[in-house]
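Peer 1: If you're matching positions, the sequence shown starts at 2 in the numbering used here and goes up one per residue.
Check before you lean on any hint, since a few could be wrong.
To be verified - Using C-beta positions, here's what the derived DEER-type ranges look like:
{"#": "1", "residue 1": "Pro92", "residue 2": "Lys149", "range": "17 to 25 Å"}
{"#": "2", "residue 1": "Cys171", "residue 2": "Val55", "range": "17 to 25 Å"}
{"#": "3", "residue 1": "Met2", "residue 2": "Arg89", "range": "19 to 27 Å"}
{"#": "4", "residue 1": "Ala121", "residue 2": "Ile19", "range": "36 to 44 Å"}
{"#": "5", "residue 1": "Ala161", "residue 2": "Arg69", "range": "18 to 26 Å"}
{"#": "6", "residue 1": "Glu175", "residue 2": "Gln42", "range": "14 to 22 Å"}
{"#": "7", "residue 1": "Glu143", "residue 2": "Val26", "range": "34 to 42 Å"}
{"#": "8", "residue 1": "Asp126", "residue 2": "Glu52", "range": "39 to 47 Å"}
{"#": "9", "residue 1": "Arg147", "residue 2": "Met2", "range": "39 to 47 Å"}
Unchecked claim - Below, computed lysine-lysine pairings styled on DSS-like, alpha-carbon distance capped at 27 Å:
{"#": "10", "residue 1": "Lys3", "residue 2": "Lys178"}
{"#": "11", "residue 1": "Lys38", "residue 2": "Lys172"}
{"#": "12", "residue 1": "Lys38", "residue 2": "Lys17"}
{"#": "13", "residue 1": "Lys68", "residue 2": "Lys3"}
{"#": "14", "residue 1": "Lys149", "residue 2": "Lys17"}
{"#": "15", "residue 1": "Lys38", "residue 2": "Lys3"}
{"#": "16", "residue 1": "Lys38", "residue 2": "Lys178"}
{"#": "17", "residue 1": "Lys68", "residue 2": "Lys38"}
{"#": "18", "residue 1": "Lys172", "residue 2": "Lys17"}
{"#": "19", "residue 1": "Lys156", "residue 2": "Lys17"}
{"#": "20", "residue 1": "Lys3", "residue 2": "Lys172"}
{"#": "21", "residue 1": "Lys125", "residue 2": "Lys156"}
{"#": "22", "residue 1": "Lys68", "residue 2": "Lys17"}
{"#": "23", "residue 1": "Lys149", "residue 2": "Lys125"}
Quick caveat, the hints were computed from the structure, so don't treat them as lab data. Just so you know, even glycine gets a beta-carbon here, dropped at the ideal spot from N, CA and C.
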Amino acid sequence: MKTYIALFGGINVGGKHILPMPTLVAIFESLGLGDVKTYIQSGNAVFRSHEENVGFLSSRIVAEINKRHGFEPLLRVLELAELEQAVRANPFPDAETLPNNLHLNFLLSAPANPDLAALAAIQKDNERFSLIDQVLYLHAPEGIGRSKLAAQAEKRLGVAMTGRNWRTVCKLIELAKA
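Model the full assembly from the supplied sequences, consistent with the hints where possible.
Peer 2: Quick look at the structure:
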């Protein structure tokens, strides 16, 4: 069995697309996924499966949520090794000491024409970003809530994404290895 991490976008935010974590666990288990653990209410799950096709797993999960709850959440499913690689590839290791200011944004697909120049033009002097494979690393010392770069990233990359701060990414790896 492989260990996977499911990263949802847009659930349990602003009163929309409410999906309690016990309900999410029940959905995963109904699909035959095992050892399901969730972390915080914003949509993080660790699970195990014999299925090797990540796209198929993702489609099944989204379809089941749509069937039961009437919406299709954004979902990126990663193998544990992919998440560990994203951590190793962090271009801003000095930012790890303030884990709430370092964000990894996981893209749903590789961007065809990312406008990195437009992102560079709106970043603050103290912000840094780097696109590596399908992860946009963003160090925003003033927080992403005040960052034009964070607000424009998805539009300028042309690909949907879901972000997690460094602390959450590390916790998900810890859960996956437990």
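Peer 1: Against this structure, judge whether each hint is valid.
Peer 2: Now for the hints, and whether the structure bears them out:
no.: 1; hint: Pro92 with Lys149: 17 to 25 Å; verdict: holds, 20 Å
no.: 2; hint: Cys171 with Val55: 17 to 25 Å; verdict: holds, 22 Å
no.: 3; hint: Met2 with Arg89: 19 to 27 Å; verdict: holds, 23 Å
no.: 4; hint: Ala121 with Ile19: 36 to 44 Å; verdict: holds, 37 Å
no.: 5; hint: Ala161 with Arg69: 18 to 26 Å; verdict: holds, 22 Å
no.: 6; hint: Glu175 with Gln42: 14 to 22 Å; verdict: holds, 18 Å
no.: 7; hint: Glu143 with Val26: 34 to 42 Å; verdict: holds, 35 Å
no.: 8; hint: Asp126 with Glu52: 39 to 47 Å; verdict: holds, 46 Å
no.: 9; hint: Arg147 with Met2: 39 to 47 Å; verdict: holds, 42 Å
no.: 10; hint: Lys3 with Lys178; verdict: holds, 11 Å
no.: 11; hint: Lys38 with Lys172; verdict: holds, 12 Å
no.: 12; hint: Lys38 with Lys17; verdict: holds, 22 Å
no.: 13; hint: Lys68 with Lys3; verdict: holds, 26 Å
no.: 14; hint: Lys149 with Lys17; verdict: holds, 24 Å
no.: 15; hint: Lys38 with Lys3; verdict: holds, 14 Å
no.: 16; hint: Lys38 with Lys178; verdict: holds, 11 Å
no.: 17; hint: Lys68 with Lys38; verdict: holds, 22 Å
no.: 18; hint: Lys172 with Lys17; verdict: holds, 25 Å
no.: 19; hint: Lys156 with Lys17; verdict: holds, 21 Å
no.: 20; hint: Lys3 with Lys172; verdict: holds, 18 Å
no.: 21; hint: Lys125 with Lys156; verdict: holds, 18 Å
no.: 22; hint: Lys68 with Lys17; verdict: holds, 17 Å
no.: 23; hint: Lys149 with Lys125; verdict: holds, 8 Å
In summary, the structure agrees with every hint in the numbered list given earlier.
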